[in-house]
Amino acid sequence: MAGLDEFLKEVLQTEDQPVAPSLFAYHMDGTSPNDNMRARADLGTCHCCDYFTFSNGVVALIEETRLGLQIRNIRKTLAHLKEDERNKSLLETLRRENQLKVYGSLLVLCRLARKLADRAEAVAVSGTADFWLAFSDHIGQDDTQVVDHIRDDLKRHLRSVLTPAVVKDVHIVPTNELGKMLPSRPAPL
Amino acid sequence: MGLEHTQDQAIHMLRVRNFGKLSRADIRFGNFTVLAGPNNTGKSFVSKLLYSIFNALNADLERERVFRLIWSLGIDAKRFARERRSPLPLWSIVSEIGTVALSYARADNPDIDQVTSSLLALADKWRRELSEPMPAAAAIEDDDDRRQQSAFELANLRRAVDHLLEELKRAGNDRAAFIEDELKYRLMRNLSGNFQVPNIRHLRGDPNDNLTVNVDDVLHIDLAQNTLSLKLNSAALGGLSDASNVVYLESPIYWKIFAALRDSRRSLISRRRARRTALTGVPDYFHDLAESLGYEYTEEMAYPEIHRRLIDIVGGRVSVSEFGEMSFEEAGRSYPLSNAANGVANIGVLAMLIERKIIDHGTMLFIDEPEAHLHTAWQAIVAEALFRLAKEGVTVVIATHSADILKWLEVHLKEYPNDAQFVALNRFPGPSSEDEDLETQLARIKQDLTRSFFDLYMRGM
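First to last, the sequence lines map onto chains A and B.
Using our numbering, the first residue of the first sequence is number 1, and each one after it goes up by one.
Using our numbering, the first residue of the second sequence is number 1001, and each one after it goes up by one.
If you are wondering where the hints come from, they were derived from the structure by calculation, not from laboratory data.
One should not assume that every hint holds.
Unchecked claim - Label-pair restraints from in silico Cβ distances:
1) A:Tyr103 - B:Gly1315: 48 to 58 Å
2) A:Glu97 - B:Asn1199: 21 to 31 Å
3) B:Ser1334 - A:Asp169: 40 to 50 Å
4) B:Glu1325 - A:Arg72: 56 to 66 Å
5) A:Val166 - B:Pro1038: 56 to 66 Å
6) B:Met1461 - A:Pro21: 49 to 59 Å
7) B:Val1411 - A:Pro21: 26 to 36 Å
To be verified - No more than 20 Å apart at the CA atoms, straight line, and that leaves these computed lysine to any residue pairs for SDA-like:
8) B:Lys1414 - A:Lys82
9) A:Lys88 - B:His1412
10) B:Lys1414 - A:Asp137
11) B:Lys1414 - A:Val147
12) A:Lys168 - B:Ala1420
13) A:Lys88 - B:Phe1453
14) A:Lys76 - A:Asp137
15) A:Lys168 - B:Phe1453
16) B:Lys1414 - A:Lys88
17) A:Lys168 - B:Tyr1457
18) A:Lys82 - B:Tyr1457
All C-beta atoms, glycine included, are put in the ideal place defined by N, C-alpha and C.
Pulled out of the complex, with its shape left as it was, chain A reads as follows:
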């Protein structure tokens, strides 16, 4: 247990705001740049996965992103294309970036399991991982179907590489909804 629970002292936060009062998760970056969980796990430049937690048999890998800004930036780089081509390329680029976030988060999970051997068993018992992409900027009032579209695209492309035994599900949710969806995990005594 040593060396890990100290990183569970923080309530999961997005945009510097707690997601829910009782929702604790392992904060990869922590407050100290030199002695945080990412450094302790010797993850080097791999900056994927902002938080991770495990509960009810599932490891939750949580990545915070600004989806709206990401989309706008990609669209700018594709401004020379026709509308339908641009949307197709946008979705592909978005998918690639999000795929990398999932792969990176899985790498983090592997390194943590190996590096922090005392936790390896708990992680292994959990078996499968859920990937949560929490976006902090709403891309619009009626973005549900758009987010679902992006998620469906990411999910089915991931399926050709990662079976449900590795990544059980992919969720793309606004940060203010994350607290309702993740199982609460109390802080260690």
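With chain A's structure known, arrange chain B on it following the hints.
Chain B alone, transformed into the frame defined by chain A:
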């Protein structure tokens, strides 16, 4: 809603070649079959084909064929007797034929062997009577032309009796072929009537190629230029032919103008002298269902909870008067269904079919666009009701392009993973990848359906 497993899933496979725009499609068919995809991709086409096949397969083919033979003979004889002002012996034959047909139609479970043997005796008697010279109806038979015509029609009538005799003997000797003939007849009639095409050859995509349909290698249909041939392995039909009834439900608009459609059909049929399949643009499956509204039913519906849920949502119930007028009863008042909102009519008619036991244990229910005129919340309720029906003994087939219904299904399967066993998902335009799991298939279909929204959204950013 607590969902319990009540039956084992059986997935069937329908293989279609050269059918409309579907050059090749393999359709999975189970308790809850989803045909999903954008407009104009062949979903409704396939659902109508399935209905046409299963409506035919689930008829009492032997009984229907015998009845049809007697009935058609009766009509021929009656017409001849009336038009030729024929003498009494012929009228007595007409009367006997009518009596036999009616008693046969009204019998609950006629013993087919007994019926066949008594019919054989009667037909033999009719044959003998028709062979004897008929007393002339003098005023008519004076005219040479009329006399020749009369002799010609009498010969036709004799041939019809001969045909009945042959068929009845065949029923005794080769029952399988007898049944197959009726299946073929019904299939042709169903396809023409449900697709409203004058000739079923129009259903072929490539006019130079055959249309073929194969169900579980048990039924094989081959439509060449004008010839439909089929192979049926009756012994292996199993669950494919034991539906209590087969129902196709489409747009609620039909139900809002129910009386007008029914009256125009009656008028057309009466003008055409009982020709049932008349091309009016309104498919036969609507009239099949409309006809069943006239049947008596008990108050003990099979799915009271689902019925309650549906009428609670719309705040009232659809009813049909003894004269066939449809109305919506809400908060103590009643008004014509034509004045109700389309969404209310959609859900209300579904509830009415449950209430009248038309949707019952063992029913095969086809619904084209169950989402028609419904907002998202009501779409989810209808999806839930249909899925529950499928789990509790109704075979449900939906053709849909609703991302909301598919989202409901996705969430439901996440909550109840075991329910995946009831689902047969088909993507249009296909093919669906058999390597993909159900979840990925659902994601792919949903993506097809939400792409235009995504594109519009991005355009507006």
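Exercise. Are there hints from earlier that the structure breaks, and if so, what are their numbers?
Worked result: Numbers 2, 5, 6, 8, 9, 10, 15, 16 and 17, in rising order.
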